[in-house]
Amino acid sequence: MPTLRIAILECDTPLDKVLDKYGSYGDIFTALLKHASQELTSEGEDVRVECTSYDVVGKQEYPEDLEKVDAVLMTGSKYNSFDNDPWIIKLVDYTRKILESQSRIRVLGICFGHQIVGRALGAKVARGTHGWEVSVTPLELTSLGKDIFGVDDLSIHQMHQDMVYTYPEGVLPLAHTTRCENQGMYAKGRLITVQGHPEFNREMVTHILSARHDAGVFADEIYEDGIKRVGDTHGGAVIAKAFLRFLTQE
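Just so we're aligned: the sequence shown equals residues 1 to 250 in UniProt numbering.
Hints may be right or wrong, so weigh each one.
To be verified - With a Cα cut of at most 20 Å, we get these calculated PhoX-like pairs of lysine-lysine:
#, residue 1, residue 2
1, K68, K34
2, K34, K21
3, K188, K97
4, K97, K68
5, K188, K146
6, K17, K78
7, K90, K78
8, K90, K146
9, K78, K97
10, K59, K78
11, K78, K124
12, K59, K90
As the list claims (entries may be wrong) - What follows is a list of derived Cβ distance ranges for each label pair:
#, residue 1, residue 2, range
13, A219, D65, 45 to 51 Å
14, R48, K17, 40 to 46 Å
15, Q249, A211, 26 to 32 Å
16, K17, N80, 20 to 26 Å
17, D20, D232, 23 to 29 Å
18, K124, D152, 28 to 34 Å
19, T233, K17, 34 to 40 Å
Hints in this document: simulated from the structure, not taken from any laboratory. Computed from a predicted structure; not experimentally measured. Backbone N, C-alpha and C fix where the C-beta goes; we use that ideal spot for every residue, glycine too.
Please model the complete structure; the sequences and the hints are all you need to start from.
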């Protein structure tokens with residue numbers, strides 16, 4: 001099995017407390033994917049990954065040679081995926097080009113990245129009507145979602161109030177929640193996305209909940225509800241392994 005070369009497009013910078021301990025979002029996703037590759041290898045599936053990170057916000061940098069990339073992963077972000085800042089427009093255009101101009105490079109989207117994929121393919125992306133969805137949340141998997149993730153039940157950390165309202169043509173649903181209908185999208189050989197955060201852990205989300213509560217972004221009710229569930233079991237590792245399996249499929 002050749003090494004999977006994954007370009008991580010960093011759409012934000014973690015909070016200082018998270019950055020100091022875990023590094024950038026590129027570092028966090030690299031650790032997640034490398035751990036998933038080790039687990040798959042121990043299970044008899046030889047999967048190796050090589051990750052390279054790109055700052056698409058401040059530096060607006062992207063892989064120069066797409067022949068050296070097998071997949072592009074877009075991270076979460078505090079920014080709005082439906083805004084028209086120059087770097088967001090550039091990211092949407094880049095994503096559309098990857099998906100429409102070739103079939104070899106596959107796309108992974110996380111939260112903001114999931115929404116960027118939806119926007120690039122013409123779906124409506126906007127504020128959700130049910131407010132913030134935070135902390136560990138159970139997903140209602142579709143039959144395809146159960147097949148892709150290899151489980152019947154799955155929970156994931158959430159941290160969003162925006163959502164993708166429709167499914168682009170040829171894209172299939174993976175999961176739903178009561179607050180967000182589109183929790184994941186899939187197109188064989190092209191893309192897989194999730195609205196939640198497989199890369200987050202209890203400590204990271206506790207920092208985010210506390211910071212946003214202190215800043216007045218989260219009311220007491222949202223903060224307290226999130227803190228109650230922040231330590232619940234979540235399937236970040238399950239999702240990461242599913243991503244790698246997707247990248248190795250013929």
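Can you give the numbers of the hints that this structure goes against, from lowest to highest? Result: hints 8, 9, 14, 15, 19 break, sorted rising.
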